[in-house]
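J.: Okay, so the sequence shown: first residue is 1 according to the numbering used here, each after it adds one.
These are computed hints drawn from the structure, not numbers from a lab. Hints may contain errors.
To be verified - Lysine-lysine pairs mimicking BS3-like chemistry, simulated, CA-CA at most 30 Å apart:
#: 1; residue 1: LYS323; residue 2: LYS373
#: 2; residue 1: LYS290; residue 2: LYS323
#: 3; residue 1: LYS290; residue 2: LYS315
#: 4; residue 1: LYS316; residue 2: LYS290
#: 5; residue 1: LYS252; residue 2: LYS212
#: 6; residue 1: LYS137; residue 2: LYS182
#: 7; residue 1: LYS381; residue 2: LYS323
#: 8; residue 1: LYS323; residue 2: LYS390
#: 9; residue 1: LYS290; residue 2: LYS267
#: 10; residue 1: LYS316; residue 2: LYS183
#: 11; residue 1: LYS182; residue 2: LYS381
#: 12; residue 1: LYS371; residue 2: LYS290
#: 13; residue 1: LYS183; residue 2: LYS216
#: 14; residue 1: LYS182; residue 2: LYS315
#: 15; residue 1: LYS381; residue 2: LYS371
#: 16; residue 1: LYS183; residue 2: LYS373
#: 17; residue 1: LYS290; residue 2: LYS381
#: 18; residue 1: LYS183; residue 2: LYS137
#: 19; residue 1: LYS381; residue 2: LYS402
#: 20; residue 1: LYS267; residue 2: LYS323
#: 21; residue 1: LYS357; residue 2: LYS371
#: 22; residue 1: LYS371; residue 2: LYS303
#: 23; residue 1: LYS216; residue 2: LYS303
#: 24; residue 1: LYS316; residue 2: LYS381
#: 25; residue 1: LYS290; residue 2: LYS373
#: 26; residue 1: LYS371; residue 2: LYS316
#: 27; residue 1: LYS216; residue 2: LYS182
#: 28; residue 1: LYS212; residue 2: LYS182
#: 29; residue 1: LYS402; residue 2: LYS316
#: 30; residue 1: LYS371; residue 2: LYS390
#: 31; residue 1: LYS402; residue 2: LYS371
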Amino acid sequence: MSDSNNNPGPPPDDFSKTVPNLNRRDDFDNVDWDKTNYNFPKQPSPDEWGKTITNIPPINTGAPDFGKTISPGSQPNSDWSATHAASGGIPDTDFGTPSGESDYGKTTPYFQLPETERLKYQNLPPTPTEQAEQEEKEKQGGIPGWVWVVAGMVSMFMFAVLVLLVVYLWFMPATSFQITLKKAPAGSDIRINNVSWGVTNPDGSRQFTNLKVERKTLTIIHPSYECDTMIVEGRNGINEEVSANCREIPVKSTDDCGNIGLGEEDKAERCYRAALEALPDPFTPEDLVKALNILIINFESGKYDIPSRRLDALKKGASFIQKLPPTVVLEIGGHTDNVGSDANNQTLSENRAGAVKDVLVGYGVRPEVFKTKGYGPTVPKTTNDTDLGKFYNRRIEYQIVK
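My request is simple: use the sequences and hints to build the entire structure.
T.: Okay, structure coming up:
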């Protein structure tokens with residue numbers, strides 16, 4: 001719409017004096033202008049101008065101050081009657097027909113939006129429909145881009161860590177060593193620099209790895225042995241092999257092997273070892289069974305695992321059982337006290353007898369030498385009314401079957 005301050009308003013409706021601002025050809029002499037259809041394309045509604053791109057530059061007609069003319073579509077309900085038409089006609093070349101004949105059906109509007117208006121319409125926000133379509137595309141687009149970025153960064157980090165680890169392992173010098181101990185009593189507690197490192201295996205060996213390179217003091221502790229303390233000089237990357245030097249502890253003068261009380265399992269083992277060593281050569285199965293029954297295996301309550309410190313005693317007993325004639329068969333009987341149900345104690349006694357047989361067979365005794373039987377609490381050795389009585393009743397007992 002034109003500037004209202006300089007707009008004289010529309011001319012009077014005197015059409016006899018109105019001159020069209022288009023060049024009129026000769027064959028239009030008899031045209032009824034009131035009924036003439038100029039075949040201009042239908043102009044878009046005001047809200048559609050933001051999406052219209054004009055592709056014909058404005059005609060420089062030298063007309064006065066076009067800055068006061070507002071293009072159609074810039075505001076709704078434009079008052080075209082208040083717009084002054086440019087003086088002069090529009091040349092035929094502006095209508096784009098190669099033959100020179102005007103083709104009004106193909107005429108493109110030559111209006112150009114002002115610069116400020118054009119810039120405003122270049123970055124229009126998406127319509128709700130366009131926004132919904134964009135969101136739908138993003139949902140169907142699979143994994144978001146940021147996930148790939150994070151995955152790439154994590155992969156690079158892990159690769160860097162791997163490279164550093166390989167470099168460290170390849171180029172860094174060894175800073176540790178290991179000790180392999182042999183010929184120690186089975187189930188011995190091993191201490192290095194007065195710190196417990198576990199017990200030896202059933203064969204009396206044990207390997208200790210990743211030890212700091214320095215002088216190590218190796219101590220072997222067993223209730224039935226005295227072992228020399230060993231000093232090991234640690235060297236980078238070296239496996240130091242050492243052999244234990246141990247001696248059985250003899251029966252003490254104060255040991256009463258005929259009277260073993262609660263908590264005196266270590267004394268019972270010393271007596272057991274002494275009895276085996278005192279057997280005649282050759283010995284009878286009855287002599288052997290009497291010596292074997294001195295040993296007390298102090299199972300934990302409700303368990304049938306043989307304590308590691310009793311393994312070496314069974315190893316010694318196995319060496320004597322192997323000397324029996326091949327026709328002899330021994331029964332290993334498991335017994336419990338009366339604590340708990342009879343059914344549970346029956347199962348527990350069977351498992352304890354089986355565990356002892358497995359250890360003896362592991363030390364070289366033929367499986368055919370043994371039969372196992374669980375008695376539960378049914379054959380007590382003494383009363384179950386005292387802790388000492390229960391201690392005596394929880395036992396492994398050997399008998400001659402054949």
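J.: Now tell me if each hint is right for this structure.
T.: Results of checking the hints against the structure:
no. : hint            : result
1   : LYS323 / LYS373 : holds, 23 Å
2   : LYS290 / LYS323 : holds, 15 Å
3   : LYS290 / LYS315 : holds, 17 Å
4   : LYS316 / LYS290 : holds, 15 Å
5   : LYS252 / LYS212 : violated, 40 Å
6   : LYS137 / LYS182 : violated, 72 Å
7   : LYS381 / LYS323 : holds, 29 Å
8   : LYS323 / LYS390 : violated, 33 Å
9   : LYS290 / LYS267 : holds, 16 Å
10  : LYS316 / LYS183 : holds, 14 Å
11  : LYS182 / LYS381 : violated, 40 Å
12  : LYS371 / LYS290 : holds, 17 Å
13  : LYS183 / LYS216 : holds, 19 Å
14  : LYS182 / LYS315 : holds, 16 Å
15  : LYS381 / LYS371 : holds, 21 Å
16  : LYS183 / LYS373 : violated, 33 Å
17  : LYS290 / LYS381 : holds, 15 Å
18  : LYS183 / LYS137 : violated, 75 Å
19  : LYS381 / LYS402 : holds, 23 Å
20  : LYS267 / LYS323 : holds, 26 Å
21  : LYS357 / LYS371 : holds, 8 Å
22  : LYS371 / LYS303 : holds, 21 Å
23  : LYS216 / LYS303 : violated, 36 Å
24  : LYS316 / LYS381 : holds, 25 Å
25  : LYS290 / LYS373 : holds, 18 Å
26  : LYS371 / LYS316 : holds, 20 Å
27  : LYS216 / LYS182 : holds, 16 Å
28  : LYS212 / LYS182 : holds, 21 Å
29  : LYS402 / LYS316 : holds, 23 Å
30  : LYS371 / LYS390 : holds, 25 Å
31  : LYS402 / LYS371 : holds, 10 Å
Comparing the model with each earlier hint shows violations of hints 5, 6, 8, 11, 16, 18 and 23; every other hint is respected.
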